[in-house]
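Please put together the full structure from these sequences, using the hints given.
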Amino acid sequence: MRLARMGAMMPTRLSFLRVLVRRLCAERAAIKRAHWNMSPDGHGRAVYSVDLGGHTYSLVAISNDLPADQRSDRVIATAWDAAFVLYDGTPDVDEIDRIAAQAPLQEAGRFSPKDLVLSRANKSVRMWDATVAALKSGKQPDAAMIREIGYLMRTTAVYGNGKFGIADRHLIETRDGLSGPFAAEMLAVYMIRHFTLDLVAHVGGAPLEPKLARHFGVGNATGLGMAPFLVTHPVLFNNWMLARETAFARVRTLDDLSAAKRASIVALGARAARHLSEWHVPAPDHDAILRDLEGEWAGFLPHLETLNGPSPIETLWQAAQNESVPLQELLLALLIEAFPDEVDGLTDCMGDPFGPLTTPFAGTDALRMAIEADWRWALEKDYEDPAMCRRFWYVSEAKLEPRLGDRFADNGAELETPLDIARRVAALHTDLPAQDQSVSSFLTDHPEHAHASARIAVLARYPYAEIRDNLIAATCRPIDMLRCKLSFFGATKFDPKFDLWTRITLAQGAPLGNELSPEADDWWLPVLA
Amino acid sequence: MTEKSWTEIQALAVKAATGAAVPPAQALAFGAMATRHLADGGSEAPLSEALNDSGTIVDLAHQIEAVIETASVSEQPVRVSEPDTGRRALLISWLASLPCQAETNATSAEIRVRLSLTDPSARTRPARVHIGTALFDQMQDLAARTYVPDSEASRASGAGAGLMDLD
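Top line first, the protein sequences correspond to chains A and B. Take 0 as the starting number for the first sequence in numbering that gives the first Met the number 0 and just add one per residue. Take 0 as the starting number for the second sequence in numbering that gives the first Met the number 0 and just add one per residue.
If you are wondering where the hints come from, they were derived from the structure by calculation, not from laboratory data. Any given hint might turn out to be false.
On the chain B side, residues computed to face chain A include the following (Cβ under 10 Å) [unchecked claim]:
hint : residue
1    : 0
2    : 3
3    : 4
4    : 21
5    : 57
6    : 62
7    : 77
8    : 102
9    : 105
10   : 107
11   : 108
12   : 113
13   : 120
14   : 123
15   : 124
A virtual CB, placed ideally from N, CA and C, is assigned to each residue, including glycine.
In structure tokens:
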């Protein structure tokens, strides 16, 4: 997978939030408010519970009175409008007190294995204030503003898997409903969205109309910290991509579409067009990409109405080969959306419960053959060229977060995080001996090549495990990695800030907490009519 | 003695090995091994000694690599001679931390291991791992060597950078 394509990915019905909500819908789950102690202006505690897969999970929400000058999306912030813990079970008063003391501290707090997810959020003050004012005056908030912003609160971190003492993923990964990647985190996000809707109705003194409430998602600000995950979890990355590619391969082979199926594809195409028309971002360059896609999609839509011939999906896909990568990605997501019977079962294969189960190469000659078969793209670059090695990834001392530096301008390159996989494989290839020998004896003399050797073994078994680009090139755009990962989360309305971080919306258009039923699983690329 | 999540210990052990100048692949494997070792109640002394001498970790990684190579071409148990008690304990934990199935039998100076490279390990992991204060502090000190002080440029790359708006 190349960065250029990763940077254009769209959410699909394989996306983790979509999978989680689909499961909630299948179980006809209902979110119950178990505890509510809020001041009139919305500060206090709340607990919500939901049953999923035979377990009860609770969101403990702590809403604070945050001075305006402390409201920041930066990971270095120390105070937020709200803090959350997704709790395993139903917390008693002592547990709520414990969480209320620790959750607002976030990274400085200490948590227990009963705490599954830790998160925090800030209000979109403009959207929040306008919504409260409208509700207090007996009106509903402006639909155009909801289209533009799309959320009442924006999370700035959603921590899972053992961070700060919360439960390790292995403790819950076999549970029905939480076995998929990031399922616990997605459940927390979905319940946070429910809380924000409840809170604004409480402060405004009136409920939102369901149609408007449904179009409020949860915002998120995501920076570089998320990008290295795709490199450091190669088997997981492979399994996500393999599910996507398998889903699309199945769809491409379909023939003889029913009239109802053809109509659903046309309807999804029209919905995608409306979604694009509602998706605007402040950055001129990124908005120009969206406007180009909007125009290109409008021109492509007539192709969706000619699915009567043989191999209709394959024919449609071939027609898209003359179009841009963003259009191809939009079309791929649409076609996956249209065929749940062929696609949905693949979500069971998107986790990585085992780690890499690789077998060693017979010798250095076999290792060379694997490199020359699978890594040609990595060998063709001159890593001595400053443009090919300008970036270096590192971990910041202040927040222990991944960052990206300029090798020729910044300090710290000697502490580089090993995300330079392509360069390492090329260096290994150069050092391979002319005479075949065992890989272990070669690595005894060259221990620095063990990392590359392991990645080559992984790629030999897991064909989508690597991003096939040079991640230290001056042209590497981390935003492409973020877009890929966030699309797998189910994010919409990507709003990139520079090439390094982005805002997104999650759960926009998702059924509300009292609407979870199988027929509600139809919210791909939502629009507010 | 303090207790941490599995992920916390593993991540810290990887950073500690990296801070001790162990190459990346060996540091990653050391992190998995150290967590398994502590979770199984292994002695902390050999972990501490290994972190004081990065060559030990690299040597152990080579021994494991050779075991895996041998196991890939033979169904017979692989014999590993290791007279040093501490290193032998770490080798056993290293084998137990592999993603694949590993059956080990240890005698006074030898380990016999049977690997099933394509079958996943079925070992369970506890909710909490206990670690002594001295080893934890040693790991933290080593891990700190891997961090880069923030610059203005790095701060500008984090989420939320450049904005203090109300949206």
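Here's how the hints hold up against the structure:
no.	hint	in the structure
1	0	violated (15 Å)
2	3	holds (7 Å)
3	4	holds (3 Å)
4	21	holds (9 Å)
5	57	holds (5 Å)
6	62	holds (9 Å)
7	77	violated (12 Å)
8	102	violated (16 Å)
9	105	violated (21 Å)
10	107	violated (25 Å)
11	108	violated (21 Å)
12	113	violated (15 Å)
13	120	holds (7 Å)
14	123	holds (8 Å)
15	124	holds (5 Å)
Going through the hint list in order, the structure does not satisfy hints 1, 7, 8, 9, 10, 11 and 12.
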